[in-house]
Amino acid sequence: MITEQEEEDEAEFVVTEKQKEPEPTPAPVKKSQVFRGDEKINRPANTDEVLNGQLIDNEVEAKNPQDWEDKMRALTRELGFVLQKLRIEKEESRKLNKTNFDPKPPTIVEVKTIDANTNNLDDNDRAPQQRKAFISILREGVARQTDINEYVFTASITLIRDGNKIILVDTGLATDINGHTDLLNKLSKLSISPPQVNYVITTHGHPDHSGNTNDFPDAIHFQGNMLHHHIKFNFSDLFEKDSHQLTPNVQLIKTPGHTPDDISVLVKNTDKYGTVAVAGDVFIAEEDMEFPLMWKPMAWNERIQEKSRQRLLCDADYIIPGHGKVFKVKDEMRIKAQCASQWGRGV
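Heads up: the sequence shown runs through residues 1 to 347, numbered per UniProt numbering.
By construction, these hints were calculated from the structure, which means they are not laboratory data. From a predicted model like this one, the values you see are computed outputs, not experimental measurements. Warning: the hint list may mix true and false statements.
Cut-off 25 angstroms, straight-line C-alpha distance, at most; resulting in silico cross-link-like pairs (DSS-like, lysine-lysine) [what the hints assert, rightly or not]:
id	residue 1	residue 2
1	Lys-330	Lys-254
2	Lys-71	Lys-85
3	Lys-307	Lys-328
4	Lys-189	Lys-254
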């Protein structure tokens, strides 16, 4: 409690201890009832209805925290489906503007199984010979300047399917309602509902990449060197290592520079496309190869980001940048990145 004490020449604020009010003696109450019209609805007993750890008259059963958490999670999923349906209805009735993203069908890239060390993977994650993964570009990122100090950033969103695992890389801007609707619609067209997504990878924590993660409450989320599932957190292999093998075909690697905690996703050894890298903002767009001012002013550390860019150019055959079209890594790009001397890979 803060009181003001006035003196002749000045007044000062002093903090005094708040007096405790006597607590009323709780009276045992039986199970509460709520009346709504002619309908009577029972609800669980309040905390003060419990006496010495036992419910009065054993009229209601105790609920442990996990039960309530599971129930709230189920309600959240149901609410998500309802909101998705309402947004679609509003769009169709023209009450909500359609997304300004180009409604192209998702780009599909076929990926061949890699010879990866799967010792730490579950049996269900082990790849049969010749199993393929698929990459769908749900949204093609955009970056443009609209005024002297104003920009529009729309992040790329990529879906990877590897066997029975569904992986979403970046989730867009939470305050972009049309973009959020577009994401849910693209998933729906692929017959994927949010609870079916197994992993959500956030390449870095900037808001245009990290929003809407609450749409996927059942997924395991990766960001930086941390992972979390529901309310439980842990460190991924990236805490001590340079990479984390997510599934037989998918690997997370450290690529800092744009931020201290950037991670990129590598999907290796495709029949037609070689290795595909989902790079976040380590690459803004293919054009930033010729115009470094597209990425350098936004870099946390230019030198470190340059090394990460070199690594992806040397590791990948195609790169999905954070705000541009997927592009092929050309021989001259690898030569400029000194892949042969730095990473042991020639053109």
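Decide if the proposed pair is consistent with the structure: Lys-189 and Lys-254, CA atoms, cutoff 25 angstroms inclusive.
-> violated (32 angstroms)
message = Hinted pair, alpha-carbon criterion (25 angstroms max): Lys-307, Lys-328. Please report holds or violated.
response = Distance of about 19 angstroms is within 25 angstroms: holds.
Check your understanding: Within 25 angstroms, alpha carbon to alpha carbon, are Lys-330 and Lys-254?
Key -> holds (23 angstroms)
Under the criterion that the straight-line Cα-Cα distance not exceed 25 angstroms, is the pair Lys-71, Lys-85 satisfied? holds (21 angstroms)
Taken one by one, the earlier hints fail for this structure only at number 4.
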